[in-house]
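Trainee: Following the hints, complete the assembly by docking chains B, C and D onto the known chain A.
Number of protein chains: 4
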Amino acid sequence: MKIVLTGNDLTVAKVWEIAVNGAEVEISPEANERLEASRKLVYELVDADVPVYGFNTGVGWNKDHTIAKEFFEDFNRKLIYSHSFGVEPEASEAEVRAIMAIRLNCLLLGYTGIQPAVARRYAELLNAGIHPVVPEKGSVGEADLTPLAHIGLVMIGEGEAYYQGRRMSSAEAHKLAGLEPVVLGPKDGLAIVSSSAFSAGEAALAVKELEELVEMGDVISSLSLEGLHGNTSPLEPEVMAARKLEGQAKSAERMRAYLAGSDVYKRYPGKPVQDPLCFRGAAYINGSLRDALAYAEKYLVIQMNSTDDNPCLLLDEKRIISNSNFETTTLATAVEMLSIVLSHVSRMSCYRMLRLANPELTKLPRFLSHDGGESHCFGTIQKCFGSLDTEIRHLSNPCSVDYLSLSGSIEDHSNNTPLVVQHLRQIVKDLQYIYGMELIHACQAIELRKQRDGFALGKGTAAAYEAFRRVIPLYTNDRPLAPDVKKAYEFVKSAAILKSVKEVL
Amino acid sequence: MKIVLTGNDLTVAKVWEIAVNGAEVEISPEANERLEASRKLVYELVDADVPVYGFNTGVGWNKDHTIAKEFFEDFNRKLIYSHSFGVEPEASEAEVRAIMAIRLNCLLLGYTGIQPAVARRYAELLNAGIHPVVPEKGSVGEADLTPLAHIGLVMIGEGEAYYQGRRMSSAEAHKLAGLEPVVLGPKDGLAIVSSSAFSAGEAALAVKELEELVEMGDVISSLSLEGLHGNTSPLEPEVMAARKLEGQAKSAERMRAYLAGSDVYKRYPGKPVQDPLCFRGAAYINGSLRDALAYAEKYLVIQMNSTDDNPCLLLDEKRIISNSNFETTTLATAVEMLSIVLSHVSRMSCYRMLRLANPELTKLPRFLSHDGGESHCFGTIQKCFGSLDTEIRHLSNPCSVDYLSLSGSIEDHSNNTPLVVQHLRQIVKDLQYIYGMELIHACQAIELRKQRDGFALGKGTAAAYEAFRRVIPLYTNDRPLAPDVKKAYEFVKSAAILKSVKEVL
Amino acid sequence: MKIVLTGNDLTVAKVWEIAVNGAEVEISPEANERLEASRKLVYELVDADVPVYGFNTGVGWNKDHTIAKEFFEDFNRKLIYSHSFGVEPEASEAEVRAIMAIRLNCLLLGYTGIQPAVARRYAELLNAGIHPVVPEKGSVGEADLTPLAHIGLVMIGEGEAYYQGRRMSSAEAHKLAGLEPVVLGPKDGLAIVSSSAFSAGEAALAVKELEELVEMGDVISSLSLEGLHGNTSPLEPEVMAARKLEGQAKSAERMRAYLAGSDVYKRYPGKPVQDPLCFRGAAYINGSLRDALAYAEKYLVIQMNSTDDNPCLLLDEKRIISNSNFETTTLATAVEMLSIVLSHVSRMSCYRMLRLANPELTKLPRFLSHDGGESHCFGTIQKCFGSLDTEIRHLSNPCSVDYLSLSGSIEDHSNNTPLVVQHLRQIVKDLQYIYGMELIHACQAIELRKQRDGFALGKGTAAAYEAFRRVIPLYTNDRPLAPDVKKAYEFVKSAAILKSVKEVL
Amino acid sequence: MKIVLTGNDLTVAKVWEIAVNGAEVEISPEANERLEASRKLVYELVDADVPVYGFNTGVGWNKDHTIAKEFFEDFNRKLIYSHSFGVEPEASEAEVRAIMAIRLNCLLLGYTGIQPAVARRYAELLNAGIHPVVPEKGSVGEADLTPLAHIGLVMIGEGEAYYQGRRMSSAEAHKLAGLEPVVLGPKDGLAIVSSSAFSAGEAALAVKELEELVEMGDVISSLSLEGLHGNTSPLEPEVMAARKLEGQAKSAERMRAYLAGSDVYKRYPGKPVQDPLCFRGAAYINGSLRDALAYAEKYLVIQMNSTDDNPCLLLDEKRIISNSNFETTTLATAVEMLSIVLSHVSRMSCYRMLRLANPELTKLPRFLSHDGGESHCFGTIQKCFGSLDTEIRHLSNPCSVDYLSLSGSIEDHSNNTPLVVQHLRQIVKDLQYIYGMELIHACQAIELRKQRDGFALGKGTAAAYEAFRRVIPLYTNDRPLAPDVKKAYEFVKSAAILKSVKEVL
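Protein chains in written order, with numbering that gives the first Met the number 0: chain A, 0 to 504; chain B, 0 to 504; chain C, 0 to 504; chain D, 0 to 504.
Same shape as in the complex, but just chain A (with noise of 0.2 Å):
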């Protein structure tokens, strides 16, 4: 598979493509343009010798310095150097490569003025297998400078990167791909740190896994609703419409459409009227995280599709100019929220599994044990996901604004993109554990009333059930928990439930 980038049309889905599944990339005929175009400016600009940032100047405080033309190499490739120190762990393979893919993807718009020979390296490295290994921690946004700086180290032939899985020196990697490494020339340098394509990399692989977690949560919470054998009319289409709210709306439909047929529909003597409301408000709040996810990759999209280019090269006007491009705390901010939400639906799935396993709420043996309590089944397993749904709290605390203000009092401003991401990627993976671990419950509990009471299931639950009964088994006496756990997680991880309910709707 080839992905041809333009600089404005790039997709989460198209980046996990390049990411995950290694999908080849190709630059447009018109992006190639721009490059050769916006380069050509650039020579102009060096030889009308204008003052410009980090250009013919030095970068941050040391922007009173002039660079002479005959300088241009050391300077960038100094530049690399004094950026390079980000600090561990390593960003994976998958993350470099959507790095790249991005950075890519925004330089073709034509506002940097790189090198095309620079510019068309990230394809190769990308079309190689060429991986520089890049440090994770480092940046405080406002541009990635730091781990970027060790994408560009890679491509100057130091530093080290991964081929074909195994790492190596950066010159051993090119060697053995037979590439040369690039030299760099005036404004590259810069081109190449002065971006948030790391953030905005590790940002469009949490942003693809959530946009599965989000059908999942629905998918998840109807088998719950089914174990409960619980109540369907909060999920009614009137309902939704009179509250005019579309995240919810959307959730809603989809557990009816998941549910049809279900004998939860059929009420029993003694049902409670209302459920409790992590089963009650599954929808609901599955719909926040909707209407969240929308807001966030919003802005996530604008950041892979224009510039942040600081200074930025105006083609028609034969310009570049000062601006503060690389500002991304809309975007920031936007996963702070996206953390928050999270934590409500992480808190959510939690109480549906304690509600699950009180046999007063379901009718149920204690702890969904099959032996009726004999065995310990799922008691101690709440303190698991109590943790993790712990951890998730923690990490939903904002941080974005908590900086330093630097360089001499002129970075004053900052937005700590990259770690707020990273928050958001542990917590997507915590949620997948505990999402896990409810399908371990629902479906444990759903198949103790089958047993007893030959309960069918709706139509996409029963292809979910399905799904995952092949994957673990009804627990019928203790055994070790952790192997099921981590292969519910990567169940979860693989979104293969997704793929069994759109079989059967």
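A portion of the hints provided could be inaccurate.
[To be verified] Simulated restraints, written as ranges between beta carbons of each label pair:
(1) A:87 with D:473: 21 to 31 Å
(2) B:268 with A:126: 43 to 53 Å
(3) D:455 with B:362: 15 to 25 Å
(4) D:455 with B:468: 52 to 62 Å
(5) A:455 with B:65: 26 to 36 Å
(6) D:179 with A:174: 46 to 56 Å
(7) B:468 with C:43: 23 to 33 Å
(8) A:87 with C:270: 46 to 56 Å
Since the hints were made in silico from the structure, they are not lab data. Ideal Cβ positions, reconstructed from N, Cα and C, are used throughout, including at glycine.
Mentor: For chains B, C and D alone, coordinates are given in the frame of chain A:
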């Protein structure tokens, strides 16, 4: 002024008119019809004897209790009693008006089945100026039962209220206003308390003030940029077009308009290429505030014009149906994001003041001292805005998810919308103080610059400067600052500066 | 009552006497001598013309300015002016008394060199009942310059004060009290403002209330344990000896004393082996509060009896020396820990109420309804204490490190002690409300149990129960709860329950 | 080296020896006797048939189940199974050794009644180098059941372990080491899992590193003070005596010793009276760390040398008694305070680096560039330490109270000690990186100062400087910084600098 409520088109501006400026309200004829029709349906359902939550059953965990028809008044009165236990401090009268207007507007949609006379009583109390005493603490969201019960208490002639600005018993207020307390019937108790109107009312006032603060932010940072004699290139339209972010583009457009004709566009020898980020990024971060505010306001307006009743009466279908429409998690988390963005806005303002006090950046006297440093001038004031900024940072910590599972495992979700909104209101107030102090700094810097260099202001900023100078004169020697800080705060709160710039633009 | 201040032995209890109960103060003869000797040294140093910070130089960034002798009065008055810009709300009169008493006590150590007449003026104002109006916001710690300047303002006859409970100008208050305002000399301005007495004063009142709350905690959880008819084994002395933790051992000892002779020790058929942790761990978590309180109080008492002056006058060595003794980071972070522990204490109390409302655990009616469920009783009150618990959780978020670097890179550390302490004070108040509600629950449960089973209380708990019942009677039917909640809060705030148990033990 | 465990005198230093340096352990004879006596008592109680929690009853909510004698092995094995569901990542082998050593030590007190052969097995596994694979997530405190169950799993021959650094099945590891898995009897399962040894083990390693970091802090800030050529007056003993705070007095004493004989004591024309607070307050804030560390370590050492078993066997009284000794809230909140104080320590270090890069304060080249500004030198590294400081700030947010009520309302308190401790461990690591970067700055500033002025270092700082220079040379031109940052981190982690100063003092 009289505002017609229809259930469908209440805005933040209308709420402000009713709440702060004392506008009267009127119920539209269509809305009145819906009220009557809904009530008719309620009695049909009572006769049919279908068990409906909070109607002919108890509420919360007591949903398994049945309420006989003859006990409707008693049940509903006691429901009000048992829910009225709010804790100090009390909401202001303006807040109470906002709350009542919103509760009434949502009732007009006809999903509640409230007794029409009770619904109309909201309008009568508002128009008579009877404002129940409403304690602010005691609600966890998921409907603001506690504070709203205090309104119900006054409606039935108990509790306390303000009438003509004087606090008295509800009974006395009714007598003085020539009204009889209402007598509650079926579902009336729940109709009064089961709503998020308390949160929505307080949020509406905060959002109205934020609409003004976001506009003032552009004026104030324009003045500060002139105080610095800084760079305008980050505001250029081409830079904004390249970035595709609506919020920052709008703020930049505003700032360009305010600064039109200013000497800030003149270069001077040795002018730096780039200013500190607090100046360079002012429009960008204020733009992030625009983005977040638009998101929050969208959901607030939905909240004010849709139903959050549970159970919800469906007129066309002649049904009453259990749901979770009292969930306000999207709104609560939107407000939490808004608070985080405001912590950035606050910090930017503080840094601008710190920079304006720094002679290295301004080439003006240290701490903007008129006598070149003999007086302390704006030295210690830094601790004042610094401490408010710290408070804003603290208030921006989220709390929506920090709830307890209540009512015997049934109410196991909340969103703490009231507390979230109260944090926002305090942030707004703190920011009004901070912006007042920034005006003190910016105008002092401008005046010193004018005296020395004859600096001409922009069209908009000149008007703003004049307006502020009518309130606070230049500091020529140390004088107690506290009274000026208070005056500057009130100037910001009045939004007078916006009127002054609108007159000239 | 008159309290003699020596500089060395001020306690939290003495501060409370002065602040809340209006005790007068007197300066010890030794302290008076130290004041005179220090002042003499100041004049010797003035004559020697050594440059000393804030003395014959400017302060903060202005430390490079020199102050000539003839301008001492002018300089010190302006220093007061330029530091007095606090922001509302105002401290209470009791708080202002606490602050002044502590400031005076620390001055008595003789490290400041303040004019003795100015030092004595603190005592005179306290004894005359002149209480300056002190705004609470505006200090970042590192000396509470801002609020303390408002005290200085009143001392020199400017600003406002309360006299005999009436607010008036400082000039009028002086006239009415027959005092002349002071005239400042060298170092007096800094001596007045450069201190953390504002934070220490507010902290002292909070700590005094906590000393009582920690004792009440043991009484109240003993009552709740009886309300539950729970297990006492976790309180046994051998269990405590095995764990070696002083705090929990002390609380357990107290609870055993209160419960001596109680029917709670009787087993009944079907009694569970273990109670919910909120009961089982009550003494343990209250013990953690004892541990944290001891740590915080240790550092508070040091703060009240040592010098935080900068520069610091060394009498024996005839030197004046720059330092950072205004650092109160140990105290600030101790208070932050205390707040976190209080969030545990609050949550334990809330859970005990939730459990007492649960018939499964108590075998009493749901929500402790006297009529077995007809009345709502303590259903919705859960939202009230739940919301206060959430507020406490939020207030327990730390903020000591969230400062800005001020004053041209010179003041690049703060600890925000005032805000930290204000959070603690609000937590204390919220907890007093929560404990009031727990008393309502516990005594209702006990009374229901007594009526049904003839349950006998312990020696201490019986006295406590009687004391509370004199204020709040049994709920036999729904009545508005708000007034009772307020009364219960005031009962807790008065600590009357401690007197009642002390009388019988 | 062999460390004898008695139950009473385990220290953090001994844990480090066992965990990191691989010391073997031995059980003292008295402890062995206690083990035997306790086990005897267990069998007496089994025969007496008294119902005891987790012994002949189920655990948690299942405490109402009875376990017959013949099912002890089955019950205890399944207890291990059902508790072993931890989530990645895995604890390091050193951490697992620390955990096992502490669990063993507490067992030796004889309150548990564990089978002596099982207790001794901890020692045998430690001495054989069999280290169970222990996932780090899954415990909410209140005993670390989840991770400890994974140790139990290995003990009974299931699960996985490292042996001689290689990962393998428990069965294989036993075979290779010539051991037979143990067979569990009554109470053994609970004895293995019901302990906070997991948290205590990880905390012990963190505290050991902090003991070194607090000492290094004084060395490093002494070097930075020389790099600045700053003022020493804040360190004088009289200043410390006046303040009465032990922590800061100790740090000041250390700094005076390190700086003895340094040219930092020499004045130069134009030297400012006071330095930025990050220098002036270095000893003070490091002193606050000493205060907090002493508090936390006190409770950690109690934790390592007392019992947290529930139920608790009382040998003398021949009883077994339910309790809550697994509460570790004092320790958890002490660690949370420690984390907050570390956020201050980190920020002080960051500000010192920012100041050292500022020529106005140092009179050295900007960013400490050797060539006077041609190279970028320490410009962008500010983003690296800034981002780590932000992470520390985030990790210092408390989470101990953010738990869910689990196990059917029974387990309604937790303290999240494991997560709290893991946050501390990451903070320690981040601070080691930050201190590494401060060393890079301080030594660069010193070397530039030496080259220009011939600056002589103090006795201690000279040794420290030499030690660091053996690892990282002067920057004379830009070179990739990442490798040096890593080396500096490892230098700090090794605490080599402390050895170097001890040799000369």
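Trainee: Next, verify each hint and record whether it holds.
Mentor: Comparing the hints with the structure gives:
| no. | hint | verdict |
| --- | --- | --- |
| 1 | A:87 with D:473: 21 to 31 Å | holds (25 Å) |
| 2 | B:268 with A:126: 43 to 53 Å | holds (51 Å) |
| 3 | D:455 with B:362: 15 to 25 Å | violated (39 Å) |
| 4 | D:455 with B:468: 52 to 62 Å | holds (57 Å) |
| 5 | A:455 with B:65: 26 to 36 Å | holds (31 Å) |
| 6 | D:179 with A:174: 46 to 56 Å | holds (54 Å) |
| 7 | B:468 with C:43: 23 to 33 Å | violated (48 Å) |
| 8 | A:87 with C:270: 46 to 56 Å | holds (55 Å) |
Checked against the numbered hints above, the structure breaks hints 3 and 7 and satisfies the rest.
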